[in-house]
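Number of protein chains: 2
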Amino acid sequence: MNNDLNKFFYPKSIAVIGASSKPGTLGYELLGNLIKFGYNGKLFPVNPKADAIHSIKSYKSLLEIKDEVDLVIIMLGKHLVLNAVDECKKKKVSAVIVITAGFKEVGDEGVTLEQDLIAKIRKYKMRLVGPNCMGIINTKSDVLMNGTFIKGTPVAGGIGFVSQSGALGASVLKIIEKYDIGFSQFLSIGNKADVSENDLIDYWKDNPDVNVITAYLESFSDSKQFLDVCKSVTKNKPVIAIKAAKTSAGMKAASSHTGALASADTVAETLFEQSGVIRVNTVDDMFNLAKAFDRAKLPLGKRVAVLTNAGGPAILTVDEAANCGLEIAELSKETQAKLREIVVPEASVQNPVDLLPPATAQVYGKATEIVLADKNVDAGILILGPPLMFDTVEITRYICDAANRNGKCAIVVVMSQDEIIAEVAKQMPVHPPLFNSAEKAAWAISEMYKYKQWKELPEGKVKKINVNTKGVRSIINKYKKGDCYLDFNDVYDILNHYKMPIIETRISKNVQQSIYDANKIGFPVVAKVFGRELVHKSDVGGVALNIQDEEDLINVESRIIAGLKEKEMDSKLEGFIIQPFAKIEEGVETILGAVKDSKAGHLLMFGLGGIFVEVFKDVKFKIAPLTDIDAKTIVHSIKSYEILKGVRGKKSVDLDFVEENIMKLSQLVTDFPEFIEIDLNPFVFSPSRSKSKILDARIRLVKK
Amino acid sequence: MNNDLNKFFYPKSIAVIGASSKPGTLGYELLGNLIKFGYNGKLFPVNPKADAIHSIKSYKSLLEIKDEVDLVIIMLGKHLVLNAVDECKKKKVSAVIVITAGFKEVGDEGVTLEQDLIAKIRKYKMRLVGPNCMGIINTKSDVLMNGTFIKGTPVAGGIGFVSQSGALGASVLKIIEKYDIGFSQFLSIGNKADVSENDLIDYWKDNPDVNVITAYLESFSDSKQFLDVCKSVTKNKPVIAIKAAKTSAGMKAASSHTGALASADTVAETLFEQSGVIRVNTVDDMFNLAKAFDRAKLPLGKRVAVLTNAGGPAILTVDEAANCGLEIAELSKETQAKLREIVVPEASVQNPVDLLPPATAQVYGKATEIVLADKNVDAGILILGPPLMFDTVEITRYICDAANRNGKCAIVVVMSQDEIIAEVAKQMPVHPPLFNSAEKAAWAISEMYKYKQWKELPEGKVKKINVNTKGVRSIINKYKKGDCYLDFNDVYDILNHYKMPIIETRISKNVQQSIYDANKIGFPVVAKVFGRELVHKSDVGGVALNIQDEEDLINVESRIIAGLKEKEMDSKLEGFIIQPFAKIEEGVETILGAVKDSKAGHLLMFGLGGIFVEVFKDVKFKIAPLTDIDAKTIVHSIKSYEILKGVRGKKSVDLDFVEENIMKLSQLVTDFPEFIEIDLNPFVFSPSRSKSKILDARIRLVKK
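Line order of the protein sequences matches chains X and C. Counting from 1 along the first sequence, just add 1163 to a position and that's the residue number in this note's numbering. Counting from 1 along the second sequence, just add 1163 to a position and that's the residue number in this note's numbering.
A hint or two may mislead.
Pairs count within a copy or across copies, as identical chains cannot be separated in the list.
Stated by the list, open to error - DSS-like, lysine-lysine: derived pairs with alpha carbons at most 27 angstroms apart:
{"no.": "1", "residue 1": "K1672", "residue 2": "K1735"}
{"no.": "2", "residue 1": "K1802", "residue 2": "K1813"}
{"no.": "3", "residue 1": "K1780", "residue 2": "K1814"}
{"no.": "4", "residue 1": "K1255", "residue 2": "K1286"}
{"no.": "5", "residue 1": "K1866", "residue 2": "K1633"}
{"no.": "6", "residue 1": "K1613", "residue 2": "K1387"}
{"no.": "7", "residue 1": "K1813", "residue 2": "K1735"}
Just so you know, these hints were derived from the structure itself, not from any lab. None of the values given here were measured: they were computed from a predicted structure.
Using the sequences plus the hints, can you model the full thing?
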């Protein structure tokens, strides 16, 4: 993909087709915004009926303009857009923004119109932003482009923001003035007919004007590409995103446990986790965090110091910090002694340091300096409750000065006084992040710390083992086209081809043969019903454990057959699966599975198995192919990792073997994407790998 | 307790001892606030050195005042406070607020001073607020008392707010002006030497000026009283609280599983849940929710409709609503048809209803009316993204008007424009709650719906069964004073006295006797080590299940003894516990326990047992004595309730029997509070009560 979006963000000249001289229209407001914000290049309004708009000479057509045009913004009626694009081609313009709505988002006729538009863009080798979008902003002082029709003035800073919802973009621009959130570049991508969030994020990766990338998404243009792009970007700069529409319908017609546990949001959640993108749920959280990343260094570690003049807020902050996984730094004796010299006697010099209301600006500044200088402090939260008789702006400036000088990660919290934040930001162009909520500051530092850990995590490799792919291919070849579950004996062979430890299994046609098989395997055994349509064996009472001898086996199988008859399901019985009885107590029951999402590909799932699967949903997903780091992460991130490691005197299971098997399954679905659902459940892991066994398995094949 | 706090909130006259004529001092600011806010009664400054303060005649001493004084506010140096209280007594004043700090909160000398103060107050039969507090507010138009030294002007409304942190109270008063949060009464209770949060909450129960009670707490003055007071108040009006200091140290020296799972915050969490108090974590959440309760009716059900002019925010709102347990209402055909008539063609008339940016004030008002009138709608969230070319105040007023006329629960969200909220609130004294975040609106409605369910929940009864208390008492009598675990045979007898199904148990001194006992019970059996100091039996390898015969038993016990010798713990072995082997698969392993908190009394715990206890912590607590409703709630609220009800073809366990046993344990610890820790673990519940058994139990006794 050609990701050179410079013509959009750094145009030397812009033509606005559909500029209007009528106040209140979008065409008037957008051109007005460009002028008011002080655009540094040349502006060319295009309107067949006007001579001049906003005092600038207007052109009847794009082709009338003699100068070169870098960027065209189209705001015509929707049926005029395609013609305008033709003109762009003639004028050799390669970057076009279509503001006009009425395309894909209105369905039917709009969908066709958008397809025609895309076809033209592709043919002409242009890049297109929109349609149905709000425009573009670049606040850099040598560009100063506000190419949107939104009211309000963008504030400069280091945040890049891509928004799929124009309306949300608009309300964001409303709040940035108040909350000291500085944007570098903003793009409303509308219907994403051409330029997508992936293009933007990739473009911003090496753009020195953008320190933090933020995104509001309602859909992924290309999930796989999102994963790849973000994985490389997040190691370089943070990406924070909202993905709305979380509660839409689950994965279509999934019949495996793995499929049932993967919701539509699982894909998004997994994409974010695996690519290191920080997911947030609200616009406030997104920009608070972006501001912190933009204006503060990453914390050195997780030990945080809290400085305050008010006890209550400090306690809530400490609560939230601990809740987010931070530690409350223990201040050194020297730090405490230095603080003691400057504070009132009733003040507390232990963390959280409470200077009490009498603290002046000088005391606050000095205390900030002392606390941040402590080697035990990795980051600081400097809280200022409304002082009773001092100048809040002055105190805040002293705190900011001290924090600036120190340079460590620090967030300054001016409680409940947004006007102070705005004033300080105006007076001090370089300042630490200013928050109005101390809890949010604690949360932001914890997210920055997690991001630091992510950056330091090795990239990981997709490791392949020698497997028998030919064997698997020849099994698949036996099946007709369509959607089906594989026969258990084929599942058994496939897992053996991929060196996964399926338990020794014999399939008998009748009771007589079961006795033979059981003796071959050795009692005690397990007997399970076998039949293509008997998928959920437990649900039909078709599983018997710990069968001691021949007599026991005869009784059990007779009882199962009788039970199926009662349910009128006996015709579905094709035989019995006989396996050795492995005592669950010796290992931990897990579930390992895979399910294919039409866009993101295969999701691998690993977690706690047994009857607790549905209740605790203690499972994690990753998108295949998994690296060794992905496999390790998935194992470490489930709660039951504690159980895998061994509780109450039990030994740890062979964790390397767990990770190896996760990667083997990843290899299997990568080699054979036609396996759309796989459940290895229960997969019992033991301290020794030779005793770790898959007790049951199902594979669903969709052959085209 | 004498809970008549009317003298504090409705005084006809106030004397301010320590009023000052020096601007910037607390004594000057507080008197100034009283005057500026327009206090309707008489004010008497008291200061030996001033003739007049704020143009009001000042008195040398309280006793110089001829008029009756209802309330005295003391702001003297701390060593002058006790004398001032003596003067109050002489003047027959019964309500005193001590603003002065330097008491208990500074330790040592301050603690003594506070004790002296309390002694005097008790002796004089006065009520005291403070010391170390910020004062009192009543915004009612015939009182208009702002008896605080905080900058800013309180806004009138129906919220009562009690704050243990003065500084937090101060920052709250800063934000209420902006966010349309109306207070009725505010009290900063400081050190709570006399008047506590419980007094206030109880007082506000029947106070018609207070619709919603809010509290910021750092400690409970009396947990038991808090539970009793709030239980009765919350059935009448909502109480919303923050309890800070959540992450303090856990319960002291608890050695049971129950104790280990109960943290210091568990007490607070349980107190809130059991008393119906809504717990929140931030000041923003507290007042957003209070505003919703104050200005809107409770929702009729959980079906919510969302109206918007911007897709993105609506999607986030629907996500959050679903996440909070609300349902997205399905609008009737008629509603959709009516909407279709007034909206632009591209608009969506299904929930969420998207009117798109062209929506005018008239369209918004009409659409609000139509949507709220739908019988399928229990509550509405009416979102207004920044309109491009309309007057936001006008649109908001139309929405509010329609919502007012309908009367159903509705929250109006004006995105990112707090100044609009303030303006609308000014123009329309009666209006629905105005929020600046749509997600918060969804959350608030879900909390209101939960509160509605709480109000409708029956009160419940503490049911007692016939037990043998004498038998238990005579067991306790056998023990010396001190702290110990009861012998297992005593535990066995106690549980039998309280009709709890402890499994048949025999205790043998040696292997020989074990064989006899096992034959009496019948193989297969379980053997466990027995010894007062062998408390965690599994951890020392001292539990063997499924022992088939005599030979097996001899081997097992020899192996256990050898294992203990290796650990040099064999001297602690006093014998073996022999019990029948019950297959776990037939029932569900739970844990039922109790642990005593020094302040709140006994907490009962019930939840999932087995190796998952520590990992999933799927347990819930209630404070004893439990009602039948409490017992039912505890069972229904654990996640594993799904497992108790039966999964994958399994039958439900006898849930009535579960609840009965919870109540029996509650009765036991209520009858014998000296049992400070009890673990019934595992307590296996089966479909039949005769097969439900306690497999192991421990009781810790503290005898004084």
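Going down the list of hints, with the structure as the test:
no.: 1; hint: K1672 - K1735; in the structure: within (13 angstroms within a copy, 56 angstroms between copies)
no.: 2; hint: K1802 - K1813; in the structure: both (17 angstroms within a copy, 26 angstroms between copies)
no.: 3; hint: K1780 - K1814; in the structure: both (24 angstroms within a copy, 21 angstroms between copies)
no.: 4; hint: K1255 - K1286; in the structure: within (13 angstroms within a copy, 94 angstroms between copies)
no.: 5; hint: K1866 - K1633; in the structure: within (17 angstroms within a copy, 75 angstroms between copies)
no.: 6; hint: K1613 - K1387; in the structure: within (24 angstroms within a copy, 41 angstroms between copies)
no.: 7; hint: K1813 - K1735; in the structure: between (41 angstroms within a copy, 22 angstroms between copies)
In this structure, none of the earlier numbered hints is contradicted; all agree with it.
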